[in-house]
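Asks: Given next are the chains, with one letter for each unit.
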Amino acid sequence: MLHLQIEVEGGALPFEWKAMHNRLVSGSAAGEVQKLTAAHLNARPSRQYWQEAAMHVETAVEGGATVVSVNHRGAALHFYGTAGLPGGELRATGRTSLVTGKPTKRLLIPTDDSPLRKGRVELYELGVAPEDMSVHRKGERAWLFADIGGEEVLLGSLVAAVRMEPDPTVLPPDSTLSAAAERGAQKALQILIP
Amino acid sequence: MPQEAAKQLRRQTLAPVAMSTRSWDRVDAQLRERAFFMAGVDNARMLAAFRRTAQEMAAGKLTLPEARRKVREHLAAQGYEPAGDEAGTIHDLRSKRRLDITLQTNVDMAAGWAQRKAGLTDIANPGWELYRAKQVRAPRDWAQRWQEAAQEVGWQGVARDGSFVALLTSPIWVALSHFGNAYPPYDFGSGMWVRKVSFERCRELGLLEGEWVTEMERAADESMNADTEVDLSDLKPDELEELDDTLLGVADVAEGRARMRDVNGTSPYGAETMANILASEMPEEVPNLQRAALEEYAAHGTQMPEEAKPALRDLFRRTLPVADAPDLWHEMELPEADAPAACARIEKKGYTPPTDAEAVAFYAAAAAARAQQGMVRVRLNWVGARTARDLRPLYRALEQQPQEALHLLRGASLRVVNKREERGENGARIITYTVKDD
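Those protein sequences? They're chains B and L, same order as listed. Residues in the first sequence are numbered from 0 upward in steps of one, following numbering that gives the first Met the number 0. Residues in the second sequence are numbered from 0 upward in steps of one, following numbering that gives the first Met the number 0.
Extracted from the complex, chain L is given alone in its bound form:
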């Protein structure tokens, strides 16, 4: 079969093309969230350092030169390289350089994230190797950092032959990173980057165990800002409160940590928490695509703009299923002529929502089945609806009145466990399928 499939692979002429921006809209929104979050945290730290230094000066504990040196040391500790004693001049290169480093780090992070996300679907190259891509003035000891990180994660997914190779899914990449990211750059101003390692080499290194393909696919579905947290134990309570106000709906600050809410991503939440995120005030520069998509869906249903559908699907899928796995039902009325084919499809492949439906409503309270003459009523009794979503809080977040129903999402499938056929009062056919989550 692979031979057959291989015959179908064909070459195309390579030509420069304009990049479609549609699929990058969500990436763009996630980048804006990340940039806003990092700038907020970074500024809060800088501000805190400046304030404390100024307070010490005011209290007579530091002279001005001592205060300047302390701030410079703080900048260096954050990874910035001061360019000499030029504070206060019109050529404050330190500020520009700092800005450049911050900007370049953000740009590089976006590239690193994109390469990881794409790499997680590249099973022909499931590994990464850390290497020096460019020279820097003061190289860090990455060999030592690698060792320490590998030990920290118990060498999970890490090669033990002395190379800097690990599976993409290995936790070493997060442990290695100053920023807690699984992708490069791994520190400010770092010249280290990653290159792909083939399936064959990873297998030789003994790295490919268990369900490694499934793990890669699962990780590929995570969004950029999922599980992004920063330790803020160096900030005081009033500084944390100020940061919380600054970050608005982008992140939560609690117990000495700032955690991104992943507004435009895929981090899962219960329906009420998700509704809270939808309703949160956002900074002007960060769009809330999922809220906008839900507004379009509420207004236009399946006629909503195509470009908004991916964000809507992200929103529905990340909303966790209801906890109590209730019994639900759904009914369709079909012309007699269409019923045999539709029923045959359900019995063979199970029930899946129609291709143009983002979600199908299932109701809790059963009603007596009736069918018009010439029509066949098909009822689905969904027993123990494990994957049903309660989308009502999301609509209420938009101040809309939702259907009193739970939903089966597009892409989900219910298998038939029982079939019963009966005649209604007027002789019309009523077919009832008992279905369960696949």
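The shape of chain B in the complex, shown without the other chains:
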């Protein structure tokens, strides 16, 4: 998950406005940030990955702060990179594979033409039995193939670990987000105080 904190203060508001309308002002600030962040993620090129992330942008207002979260598996990984993980790498979890029933040892990176990417499915959803899958090796490199309809189809490469550099472009720049929060708050004030 990605969490951001933005503080918007309405310090000059009279007491009664603070009590009655503070949540509408901060709610509108949060709303503009959510709108901007969702649109930004939606515009990132992908078949579905970032569009799903855009569906899961949420905000919460706590005290004077707006917290924005992107509740999407992998979004945090792209934003922060793998530097914070043990060894600075993403490795297989070792949990039980739904296909083989054995602990996972490698990560499967689907190729662009892989039926996993085209069908937007997990490996176990392909409906291929373990005995119909095969691993081809060449030195340190390995690839996973599956017998689908009598044809050997490349599913992806098998890697022990992945290193990812942080990608700050996952989210809009700080200045843009802050401007959105201010814009939302000002709009709310204009609506409430015509």
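Hints in this document: simulated from the structure, not taken from any laboratory. Do not take every clue at face value.
To be verified - With the Cβ distance kept under 8 Å, some of the chain L side facing chain B (calculated, not the full set): (1) A113; (2) A117; (3) I122.
Keep in mind the model is a prediction, meaning the values are calculated, not measured. Each residue gets a CB set at the ideal place from its N, CA and C atoms; glycine is no exception.
Chain B is fixed; fit chain L onto it per the hints.
Replies: Okay, now just chain L, sitting in the frame of chain B:
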């Protein structure tokens, strides 16, 4: 003034922060209620379908392949997509896929609810637009569903320009939903989602009429499971009874419907019904936060843990006021030196409970006012107490002996309509304010 306020708005450096879990505790409890309820209803339907099919087989009305097809059709009708004739194999993908769809739907519903709740305080963007967020294998005809839903609700809050735009408070969102929710997803495995629509565009579309801001605020205070009902007319009486037992205190099953009690939410109830909910047996996985909060309050008063206070306030506020609007009284004794400021505050702004009080006791039977020397007695005569709460049944639900009093809740305000001052037997000052609900 907006200029002045705008000058106070300042930028902060954006930084990743750990999310506080306190404010999500109640959301978490409501999610658990919802998940338990949906799983219960879903399982009851599945079980009923399997049982009936098995009975038909036993009666010789269906062969096994026919029974399997019938179950598969039932699954498809519920929105599940069977992945081929693999029943009984070790790779029963249909079960996994079904589980995934159910799980993903629940996760998406939580996201949809959170976005709606936050969106109802975003008056800069009072509308939503339905759009296709992701591609699916068999898209539904959402244009037709939108038309039908709009007609069903009389186009209330719905744009008439051919777009899929409506106010957040429009009833079209519920009408559109297979689940009866006002937030996405609107059907199983759906790729449709919503995005915000600005105040300016909603105004251009002629959607902003009347007290639209007030309506948004009112809707923002509703909890996730308020007014959540499911039509179970497809189940037989014995199946309904079994479901009622399964759901325990989470929901009531009656007249062919299951209705969530909104145990951890804000749906209003009279004191006796609320007490019944507090005392109900709950499944292990669903906490009863309001009961736990009341137990803390009964034990520790205002020294109760801070994190339990929101649930306590939800409990007190959702308990409906007493019906008969009685006359009640409350007294405070103040040192002479403090009395002028306290009285000035009451006369200017009305009486409100102290900031550290969740509720203030008001009594029915008046007693003769007495004050010690050097002290001032301030009495409040609350006439026609419209908003007084009877919290005694709630305490009895915890097997506690309550005060014989009704209560004014934190956040409420009483305005002064009359003031009378007199001297007590020992010469001490007695000030009596007649107050009414604000």
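Asks: Take the hints in turn and mark each one as holding or not.
Replies: Here is how each hint holds up against the structure:
Using the Cβ-Cβ criterion of 8 Å, the hint placing L/A113 at the interface with chain B is satisfied: the shortest such distance is roughly 5 Å. Hint status for L/A117: holds, given a least beta-carbon distance of 5 Å to chain B, under 8 Å. At a threshold of 8 Å, the smallest CB-CB gap from L/I122 to chain B is about 5 Å, leaving the interface hint in force.
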